[in-house]
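J.: Spelled out from the first residue to the last, the chains are:
There are 2 protein chains.
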Amino acid sequence: MDLQVAIDRVTLDRAVALARQLDEQVDIIELGTSLIKDYGLEQIHAQLPKLRHAKLLLDLKTIDEGEYEFDKGFAVGDILTVMGAASPDTLTSVYELTQARSKQMFIDMMEITDAKTAQIVDHPDAIYGIHHAKDSRAGFDAAATVADFHAKYPAVKHISVAGGIDLAMAQKLATQGITESVIVGSAIVKTADPVAAAQKFMEVMH
Amino acid sequence: MDLQVAIDRVTLDRAVALARQLDEQVDIIELGTSLIKDYGLEQIHAQLPKLRHAKLLLDLKTIDEGEYEFDKGFAVGDILTVMGAASPDTLTSVYELTQARSKQMFIDMMEITDAKTAQIVDHPDAIYGIHHAKDSRAGFDAAATVADFHAKYPAVKHISVAGGIDLAMAQKLATQGITESVIVGSAIVKTADPVAAAQKFMEVMH
Numbered sequence: 001m002d003l004q005v006a007i008d009r010v011t012l013d014r015a016v017a018l019a020r021q022l023d024e025q026v027d028i029i030e031l032g033t034s035l036i037k038d039y040g041l042e043q044i045h046a047q048l049p050k051l052r053h054a055k056l057l058l059d060l061k062t063i064d065e066g067e068y069e070f071d072k073g074f075a076v077g078d079i080l081t082v083m084g085a086a087s088p089d090t091l092t093s094v095y096e097l098t099q100a101r102s103k104q105m106f107i108d109m110m111e112i113t114d115a116k117t118a119q120i121v122d123h124p125d126a127i128y129g130i131h132h133a134k135d136s137r138a139g140f141d142a143a144a145t146v147a148d149f150h151a152k153y154p155a156v157k158h159i160s161v162a163g164g165i166d167l168a169m170a171q172k173l174a175t176q177g178i179t180e181s182v183i184v185g186s187a188i189v190k191t192a193d194p195v196a197a198a199q200k201f202m203e204v205m206h
Numbered sequence: 001m002d003l004q005v006a007i008d009r010v011t012l013d014r015a016v017a018l019a020r021q022l023d024e025q026v027d028i029i030e031l032g033t034s035l036i037k038d039y040g041l042e043q044i045h046a047q048l049p050k051l052r053h054a055k056l057l058l059d060l061k062t063i064d065e066g067e068y069e070f071d072k073g074f075a076v077g078d079i080l081t082v083m084g085a086a087s088p089d090t091l092t093s094v095y096e097l098t099q100a101r102s103k104q105m106f107i108d109m110m111e112i113t114d115a116k117t118a119q120i121v122d123h124p125d126a127i128y129g130i131h132h133a134k135d136s137r138a139g140f141d142a143a144a145t146v147a148d149f150h151a152k153y154p155a156v157k158h159i160s161v162a163g164g165i166d167l168a169m170a171q172k173l174a175t176q177g178i179t180e181s182v183i184v185g186s187a188i189v190k191t192a193d194p195v196a197a198a199q200k201f202m203e204v205m206h
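As they're listed, the protein sequences go chains V and B. Sequential numbering of the first sequence, starting at 1, is according to the working numbering. Sequential numbering of the second sequence, starting at 1, is according to the working numbering.
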């Protein structure tokens, strides 16, 4: 199981410093939507050094104009996110573009109905990302949600999960064996020693 | 009926030049999602002069982390967009923030079900924006769609519509009298003389 660390709501300088520190420690470094909307892809591209070990995921949250956004995004990152709430035409066009570039696409499954989910689980190489809205006031059990999703959509090969994942939940998900990547934000980046925190997650997950 | 001109998929310099030219001609100037994701709010804020006449709408397409994005966005613009596909909690929190700041919120109704629509038409001061995905391969009749929406949700006071609006459709929408603002993109900004094109739209609409 891969560890994805989410960097968000910090200055670009801080994000670059965290990405450098964590590059050798984790599998995927995510730059959050706030960094893209606050600073823009051009500045991120100019200031972020090429990662040596981790893949770079940009949380674009594309919901329309898929080809334009993915074309710009793949000049910077390896994995881009698109909303499952986008139109099926948007999802199809970004999937085709992603396959043509040999890159990866991450579908954010937040706030979509079962009917819509059933319509869009037909992209075999896409990563399906399960989480609640950060704004949601409801609770979230990552392992139970992943198990439920897997039972309903057994054809989906690549599942990612996020949402208040702590060491105990990361270990539980690793043991469960369904999830391909787990996303951890503040439990790593908001600690006094993000490298040590990331190493602890890697230990319990492997 | 107000004219909103959408500026998108151009360089920031070009966007700033267009905004200056069109400020006195139109009611609302929209800076599209591509400008925000390519250049970031900080650069837009630094380079765009304060508009003298038109309101500035930023097409943030917020779908999560509503308070963070709206707080940042209102430092730059007068009207911000949020996706109807966001969680009801996100919509409620950005509505509250918008009301507290005496600003405006635009809910992008793209790709949501009737059931979800019924859940979120309870924000009386919000603008409800109707359009198809730009990536959609289906046709779109703006006047018929607006009439249908108004019949289903008569309590909604502020309706905006976009999608291939030409002069004839703008005139039809003005006569129909339901729509509060109409969004025009390439039919103004991709012409040789955007000011003259905007003036023609204003003439047929008033």
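Rather than coming from a laboratory, the hints here were simulated on the basis of the structure. Beta carbons: idealized from backbone N, C-alpha and C, even for Gly. Incorrect hints may have been included.
[Claimed, not checked] With a straight-line Cα cutoff of 20 Å, these simulated DMTMM-like cross-link-like pairs (lysine to aspartate or glutamate) come out:
#, chain 1, residue 1, chain 2, residue 2
1, V, K134, B, D114
2, B, K134, V, E180
3, V, K116, B, D114
4, B, K134, V, D114
[Said to hold, decoys possible] Which stretches of chain B does chain V cover? Using the computed rule of at least three CB atoms under 8 Å from a CB of chain V, they are:
#, segment
5, 19-30
6, 57-64
7, 108-114
8, 145-158
9, 179-187
J.: To test your reading of the hints: which numbers does this structure violate?
T.: Violated hints (numbers, rising): 1, 2, 4, 5, 8, 9; every other hint is consistent with the structure.
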